[in-house]
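Visitor: Mind docking chain B on chain A? Use the hints.
If you read the sequences in order, they're chains A and B.
Heads up, our numbering is the position in the first sequence plus 1299, with the first residue counted as 1.
Heads up, our numbering is the position in the second sequence plus 1299, with the first residue counted as 1.
Worth double-checking, as some hints may not be accurate.
Pairs of lysine-lysine residues, derived as DSS-like cross-links and limited to a Cα-Cα distance of at most 30 Å, are as follows [to be verified]:
# : chain 1 : residue 1 : chain 2 : residue 2
1 : A       : 1545      : B       : 1485
2 : A       : 1346      : A       : 1364
3 : A       : 1440      : B       : 1485
4 : B       : 1545      : A       : 1591
5 : B       : 1545      : A       : 1377
6 : A       : 1364      : B       : 1440
7 : A       : 1591      : A       : 1321
Calculated from the structure, these hints are not laboratory results.
Protein chains: 2
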Amino acid sequence: MLGAIEAGGTKFVCAVGTEDGKIIERIQIDTLTPEQTMPEVIGFFQKYEIDALGIGSFGPVDIDKNSETYGNITSTPKRGWANFPFVKTMEEALNVPIEFNTDVNAAALGEMMHGAARGVDSCLYITVGTGIGGGAVVQGKMLQGLSHPEMGHILVRRHPEDSFIGACPYHQDCLEGMAAGPAIEKRWGKKGHQLQDNEKVWEIESYYLAQALMQYIVIVSPKKIIMGGGVMKQAQLFPLVHQQVKELLNGYVPLPQVTERIEDYIVAPGLGDDAGITGALMLAKQALEAAK
Amino acid sequence: MLGAIEAGGTKFVCAVGTEDGKIIERIQIDTLTPEQTMPEVIGFFQKYEIDALGIGSFGPVDIDKNSETYGNITSTPKRGWANFPFVKTMEEALNVPIEFNTDVNAAALGEMMHGAARGVDSCLYITVGTGIGGGAVVQGKMLQGLSHPEMGHILVRRHPEDSFIGACPYHQDCLEGMAAGPAIEKRWGKKGHQLQDNEKVWEIESYYLAQALMQYIVIVSPKKIIMGGGVMKQAQLFPLVHQQVKELLNGYVPLPQVTERIEDYIVAPGLGDDAGITGALMLAKQALEAAK
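So that you can see chain A by itself, here it is in the shape it has in the complex:
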């Protein structure tokens, strides 16, 4: 039996499941402070005999195994979680091998192994919700360099009709500042799901998202792009994004995946809301294999 945690900024999903990605049991726990949340998380796993644990966490996190602070959440503004030693805490409680990565890198892994990117060795997973995050699998491995990707914070060009100043505390009008859920709410005075019929909302939203995808495509050249998160539940966004990505690339990437079948290239998660937790289960599988 494998254990999995998808640690988000508002809730933790904890699950146990199998090596082939099947979830057997799960619970959901509010993300309060570590002192409040972690005993419940640990209590859940202590009911099972798990052989390994995978964690996909909100970030920024330290995923460098050679670092002294490996396994920590690092500089989050979320009260109590900055410098929280996530891996260490779980190791001490459960004494099993652990793999640790970002929630979005885990989601990309989950989608590659059991979702929309099955059969290819590279994909991007973008979540558009309270924030915007991106993870990727490149040639079979989760993308990692100096640190993990922070794809939500790329620069975008302002839509000519958009005067919203932007909501990112670091970069003001970066992608997350212009296109995450809170930006939509601040710009229009309503939440996205209350604006479903307002075409201008989604034209502007897709304008920013398409720019981001263009950058991801020319830089990483993923074999599949998966877009999840609360904002992407507005399914009308997909055809708008497809159209604008094609226009922006303007034939420069002359691959049929982009020019002819873009609706199969930029897609919703095959695992629905379970991309992250399934990915965390696959991290547990990797932990088990590494420990053998």
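Guide: Below, chain B alone, put in the same frame as chain A:
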């Protein structure tokens, strides 16, 4: 003995060298048509007994080994070279194992193995010259997905004092359209090296390059960024780029490499003008190892 080709749009560099990256002999051949250029290229290698060949080529190229057109230059506007079967031509002439990639992926590999990125497993190599191209090594492997990266064509925000419309035939004012050598020449009516003392030229140039690096950093998180090519011979660009990248990131990537020692993070090629040909030699080494 290993053979290496750095195939550029204006010249081919052909070399023979050793597995540890030492170049023994080299020649330079003008890039005319394949009928004119290739016999000279082949003739050079026939003088030696090479065991394998590495090719880093101008693109776009097909580097997907499962593709029917693997090893071809694909859609270049360069007369005679579109659909040129580069690998097949060299295999038939020399009958040795061949590795084939883009010139910039090869340069990134060369810099990682023998240049400025020695000791780390990931780096980006950007060339700013007649065009702008980028290659990368990620976790030890040259970046590849659906195709190779086309990093020169990312979108940038226009400098507020810049009215130049842009020179990219596909995207007009993308990075290459605004910041490659021909863009500088069209904007200012002179070539870059004639504009050395004009501060505004380099302020605008670094404004675009810094935006590009910000995107690369948040998306790929490379451990080292190497900037080569003719335009980067203007060494005054480096401090301007360092400053602007720090301002753009605004502390969001709180890693000392970026916040404290950016002059060691974004650097000139350790191999000078030999990054590409050394990388091609390392491709030959890979070809030899794969054939064993």
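Visitor: Among all the numbered hints in the text so far, which are the ones the structure does not match?
Guide: Violated hints (numbers, rising): 3 and 4; every other hint is consistent with the structure.
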